[in-house]
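Generate the whole structure from the sequences, applying the supplied hints.
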Amino acid sequence: DAKTTQPPSMDCAEGRAANLPCNHSTISGNEYVYWYRQIHSQGPQYIIHGLKNNETNEMASLIITEDRKSSTLILPHATLRDTAVYYCIVRSSNTGNQFYFGTGTSLTVIP
Amino acid sequence: ETGVTQSPTHLIKTRGQQVTLRCSSQSGHNTVSWYQQALGQGPQFIFQYYREEENGRGNFPPRFSGLQFPNYSSELNVNALELDDSALYLCASSLDRERDEKLFFGSGTQLSVL
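In the order they appear, the protein sequences are chains A and B. In this text, residue positions in the first sequence follow this note's numbering: the first is 1248, and each later residue adds one. In this text, residue positions in the second sequence follow this note's numbering: the first is -18, and each later residue adds one.
Treat each hint with caution, since some may be false.
Said to hold, decoys possible - Per the computed footprint, the stretches of chain A lying under chain B, defined by three or more beta-carbons under 8 Å from a beta-carbon of chain B, are:
(1) 1287 to 1298
(2) 1348 to 1357
Unchecked claim - Okay, derived cross-link-like pairs now, DSSO-like style, lysine-lysine, Cα gap no bigger than 30 Å in a straight line:
(3) A:Lys1316 / B:Lys(-6)
(4) A:Lys1250 / A:Lys1316
(5) A:Lys1316 / A:Lys1299
(6) A:Lys1250 / A:Lys1299
(7) A:Lys1250 / B:Lys(-6)
(8) A:Lys1299 / B:Lys83
Calculated directly from the structure, the hints in this document are not laboratory data. Cβ atoms here follow ideal geometry from the backbone N, Cα and C, with glycine treated the same way.
The structure is reproduced here in C-alpha cells:
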C-alpha cells in the first residue's frame, strides 16, 4: 500500500499562499491522491483529490508531478481559519479502498 | 441533505466493559467506514461496510465488530475495553466504493477508558 510523507509542521502568513508538500513515491498507477484537513479533533474535512492532472476547486489547488511521486496542496490566500492538520492520502485500491492517513502537516496561519 | 451524525459525542467506560457507537450516514450513501484516532495520530482504518456486509478490515482484533443496517446506518461495537482503546472514533460515509469516491466524516465519538 502506498504511503505518504509530509513535513510535521509549517507556518504561513495570513493572506499568503500556503504550499503543503507530500511525497508518495510508491503510488500505483490507478491510485488517487486525496487531501483532507482536521480542525480541533473534529472529523476530517475533504479538500480535493486527483489522479494525474492538476485540480482546482473553491478551496484549493492540487499540483501532481508528472511521475506522480509527489504533490503539493496550495491554499491561495491562507486565513486564520485554515489553521489545521492537513493529511495527504493515497487511497489503496487493494484493500477495500480504505484511506491511509499519516500524521499529517500541522499548518499554523500567522496574523 | 443531512451530513454524517455520530452518537454519543463523548463516552466514559471502564476497562473490561463493552461499548456501542452509532453512526447515521449521509443521505443516499450506502458505504460506511470506521476509523480510530489516538491523540496526536492520524485516523486508522478499522473496517468498512457496504450494503450491510463487511467489505474490508484494518489491523484491529476481533473484539472490534460492526453492523450496517438496511437504512445504511452503522454501529461499532468494542468488547473487553482496554485503556489503549481511548480515542476519537470517526465514522465516514460515501456513495459507493469507487476508487475516486470522497469520504464524508462525522464529528466523532470521544471514548475514554479508565
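Hint check:
no. : hint                  : result
1   : 1287 to 1298          : holds (count 8)
2   : 1348 to 1357          : holds (count 4)
3   : A:Lys1316 / B:Lys(-6) : violated (44 Å)
4   : A:Lys1250 / A:Lys1316 : holds (11 Å)
5   : A:Lys1316 / A:Lys1299 : holds (10 Å)
6   : A:Lys1250 / A:Lys1299 : holds (17 Å)
7   : A:Lys1250 / B:Lys(-6) : violated (34 Å)
8   : A:Lys1299 / B:Lys83   : holds (17 Å)
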